[in-house]
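2 protein chains.
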Amino acid sequence: MKKYALGLDFGTNSCRSLIVDLTEGRELASFVSDYSSGQKGILLDSKDPNVARQNPKDYHQSLVESIHEAAALAKKEDPEFSPENIIGIGVDTTGSSPMPVDDKGTPLGLHLEFKNNLNAMVWLWKDHSSHAEAAQITERAQEIRPQYLAKVGGTYSSEWFWSKILHCMNTDIEVFKAAHSFVEFCDYIPALLAGDTRPDKIIRSVCAAGHKAMYSEEWGGLPDKEFLSSLDSDLGKLRDRLYEKAVPSNRLAGTLSREWAEKLGLQPGIAVAVGAFDAHMGAVGAGVKEGTLVKILGTSTCDIMVSPKHKGYEDIPGVCGIVDGSVLPDHYGIEAGQSAVGDIFLWFVNHLAPDSYGKTPDEKFKNLEVEASKQKPGEHGLLALDWNHGNRTILVDVRLSGLLIGQTLHTQAHEIYRALIEGTAFGALTIINRLEEYGVKVEEIVNCGGLAVKNPFLMKIYADITGRPMKVSRSDQTCALGAAIFGAVAAGQEKSGFSTVEDAQKALTGIKETYEPDPESHKAYTELFRLYSQLHDSFGNPTWSGNLHNVMKDLISLRERQRKPE
Amino acid sequence: MKKYALGLDFGTNSCRSLIVDLTEGRELASFVSDYSSGQKGILLDSKDPNVARQNPKDYHQSLVESIHEAAALAKKEDPEFSPENIIGIGVDTTGSSPMPVDDKGTPLGLHLEFKNNLNAMVWLWKDHSSHAEAAQITERAQEIRPQYLAKVGGTYSSEWFWSKILHCMNTDIEVFKAAHSFVEFCDYIPALLAGDTRPDKIIRSVCAAGHKAMYSEEWGGLPDKEFLSSLDSDLGKLRDRLYEKAVPSNRLAGTLSREWAEKLGLQPGIAVAVGAFDAHMGAVGAGVKEGTLVKILGTSTCDIMVSPKHKGYEDIPGVCGIVDGSVLPDHYGIEAGQSAVGDIFLWFVNHLAPDSYGKTPDEKFKNLEVEASKQKPGEHGLLALDWNHGNRTILVDVRLSGLLIGQTLHTQAHEIYRALIEGTAFGALTIINRLEEYGVKVEEIVNCGGLAVKNPFLMKIYADITGRPMKVSRSDQTCALGAAIFGAVAAGQEKSGFSTVEDAQKALTGIKETYEPDPESHKAYTELFRLYSQLHDSFGNPTWSGNLHNVMKDLISLRERQRKPE
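Protein chains in written order, with my numbering: chain R, 30 to 595; chain P, 30 to 595.
In isolation and in its complexed conformation, chain R is listed as follows:
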């Protein structure tokens, strides 16, 4: 009898269910169910562009729908398939996306009294409203617990767990008082499936805890009570209602409850793995290993690497986190990222690309690319900073913004589009350089996520700018595949046939395509990267001092050289 695993990938706008055939090592069927609330699943506040929340009921609906539909598709694809043969479930979600819950673990956003209160909802990863609290936490930690910061890149982010809780406390005491505890999205779903969401019973993900909540076994788990109380006495008290221990995702969060088994049409009692963030499981589904940088390219970007524990590691300034077991068990997981990538292109197409490029966003993207691809590097004379949603790595600063320089009276939309893509690639190179500066050698880059699959033009520019081959993961749904791998491994070798995550990766992951860098383009881009770095440092680094008089002139010179007929 064949064996299958189920990967559940909760993204920013939708939930994907993927059914993997473990016996034949292939992805059998998947289905994506969009969240129904707000703007593509995101609850916005017209008064504050920093706010981004989600309604937990969307998760419940999409979960059920996507599994049923995926199972139906799997059945068509493989007559041997039956939902009864699914042996384990893995779950990844966005994060840090904490939600306030009551003492039973029910999200406050599901309570009638809070159903219209954005602060009772899930505080989505990209919510930036807590920047003042992030600065306060960073400052306090610098004073009394510098070790906490060393593992999260030196600066605590507004996107993370404690900033959001503290901001909730500061701005909506009613919600904070009603909250018995706060639970990460990636911990909530496995607990829900296992039938017990009580905060003290939930098995917590070391990925979420370590990368976003300053958890480490080095100091006995979460930040200590003294530190939290120094931020606010109520925060200190909250610590007792959080958790002591967090574990990797090859461990069981529980087994599928009878209630949820019925709702989903699956067997009760099958393995439900501990959850983790989408990027981390995506890296596993893309085949992450020592020396491999996995880039998950979507609306934002996550860059994931692992480092074997025996090698030790160094703290890397500006890199979000280095956490034991957050990606692969028995390895340090290293996470970096860019706050907005695809989101910047979407913004540009939705708000600034004229209709001469097409009527729909898809048409506009296509024609912008057709025109932009006719140009040589630097021919447009433009340079963009990719900070429209702040900078996650290596500056860890949300109070930054986009910048475009070099426009003339002739600059066209497709030229700006190209400059925006290049800006994100320069941001990516800045991260690679930082990792290598601190001894984490990047020997291979594997890309996955929507942009890697759908945008060869972008992949080519990334290869040319970094001067490195850009590989694309064989799977188009690495996050869900990574989740399925953990679902299989958590079920145990006897059931899944895999003794380790690495075993499962060998059977299930691979490379589909490689984009090679063009040396001449790389040379021109090296000049542009020097200018990018100058802008990066002058606007992003408080201690930089210098002059920018060369920047516009160098861009014009390069433009003139690149425009010359050959």
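By construction, these hints were calculated from the structure, which means they are not laboratory data.
There may be inaccurate statements among the hints.
Any copy will do: because identical chains look the same in the list, a pair fits if it lies in one copy or spans two.
Below, simulated DSSO-like cross-link-like pairs (lysine-lysine); rule was C-alpha separation at most 27 Å, straight line [stated by the list, open to error]:
| hint | residue 1 | residue 2 |
| --- | --- | --- |
| 1 | 318 | 32 |
| 2 | 318 | 483 |
| 3 | 489 | 403 |
| 4 | 403 | 76 |
| 5 | 524 | 105 |
| 6 | 144 | 593 |
| 7 | 489 | 593 |
| 8 | 69 | 483 |
| 9 | 541 | 318 |
| 10 | 76 | 405 |
| 11 | 266 | 206 |
| 12 | 76 | 582 |
| 13 | 86 | 76 |
| 14 | 76 | 489 |
| 15 | 524 | 104 |
| 16 | 76 | 593 |
With the hints as your guide, set chain P onto chain R.
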């Protein structure tokens, strides 16, 4: 019998004829005739965005058509009017717009053999292809003739006479060799009407000579032969085929030739005044006097002031020129300006404003303004440098470019539109501050030109940003009115009734409307201007040194404060 004067205003895209009733002191009729060649009269080079040329035959055609049509309209308006009662013609044109001519003064662009050669055409004021030559001239003058630079703001521009001639020599020796001499557009038209375009016979404008060709009586006219020969020996030789003397526009260039009188339906022998640049005559038509800054707001901007000769003056770094008699006789004329203003808005609307704002450029402008006007200063969080076409004052540097900072994932087109308008206003304030720093007190600001008349939204922002009332000239066609004033004055008091330009101004000019600044908006804009100045200096001043880490953060802080509900 009533008396009339004719003002001819040759702009960038068209020629306007205005018939003024001198007896009743009113503008009787005008007609605009578009140039027929190229893109709205401008000949472009797809290989080089710096190139902007014009075909002299367009001038001939538009001149004839606009006068005939204006006369027909005047007849309808005023039965007493007859073309025979026009007593004088004044002419203004764009500049510095030199053209190569043969020994009879015929433009080479009218020769069959050169009819497809852009270098044989008129080198339009906004042609920036001669930037290397401008740098060379600046450098040489700094070495051996620093006095030449002191009167043109310290830096010789690529937009000016000698740069263009030198670039023609460097890039198209055939045209340069065929050229007996070079003549400014504003000198060519009066000579044409007076029936003698031979270069040694043309009466030259001190406005063009002084502001753009480093002419001054202090050193005996044009730059000396030694200086020109040090740039190129052929340039030294050319000096003998140029001119010795230049005069103000209250003087006669000649009288209307029989041939042209017939073509135009006017009386032969009437006064043709010496020409001048559009902005300078526009300032006269707007009522320029001591303490009054006249801003001519169009695709680019000219800022004109006068200073009485008895007060003496100081050289003002970065201000294009201070020339005896270039605006009003017996006054120093002071010229500053911005390389692109309306052109930046046109660029944005044509290339980046999506069709959700409207189908036509006019609709887009209207709706962008409707949305932008709902915001408070700084609420968009954006800041723009107005350098898409370089910076004329106070940096005198064409190798600069546009810059936009502060964009998020929510930034909309109308917000950028507002930021671009604000950017030009900050540029305007920078000029005012520089003038006052050097003792030229700005007591009143009178605006004219297309943007002043058609764009109250822009005028309001200019008032709020400068903190000064923005007055708008009563006349919508101040350049043509100024030209008509000079036509009348050149005809003599007996014929015109005016003994001086000032007399004619009193009878013919005035204020239509005043926009008052709002103190609260001005306060917010003062914060933004500080940031503008920081960007201005960091990218524009080679000796600036500092840090820009505050810029994005300060923009975000101001945005947050301005968005708060009141």
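Cross-check of the supplied hints:
no. : hint         : verdict
1   : 318 with 32  : within (25 Å within a copy, 92 Å between copies)
2   : 318 with 483 : within (24 Å within a copy, 64 Å between copies)
3   : 489 with 403 : within (13 Å within a copy, 42 Å between copies)
4   : 403 with 76  : between (41 Å within a copy, 14 Å between copies)
5   : 524 with 105 : within (24 Å within a copy, 100 Å between copies)
6   : 144 with 593 : between (61 Å within a copy, 25 Å between copies)
7   : 489 with 593 : within (23 Å within a copy, 44 Å between copies)
8   : 69 with 483  : within (20 Å within a copy, 41 Å between copies)
9   : 541 with 318 : within (17 Å within a copy, 75 Å between copies)
10  : 76 with 405  : between (41 Å within a copy, 14 Å between copies)
11  : 266 with 206 : within (12 Å within a copy, 89 Å between copies)
12  : 76 with 582  : between (39 Å within a copy, 19 Å between copies)
13  : 86 with 76   : within (24 Å within a copy, 57 Å between copies)
14  : 76 with 489  : between (39 Å within a copy, 26 Å between copies)
15  : 524 with 104 : within (21 Å within a copy, 101 Å between copies)
16  : 76 with 593  : between (48 Å within a copy, 8 Å between copies)
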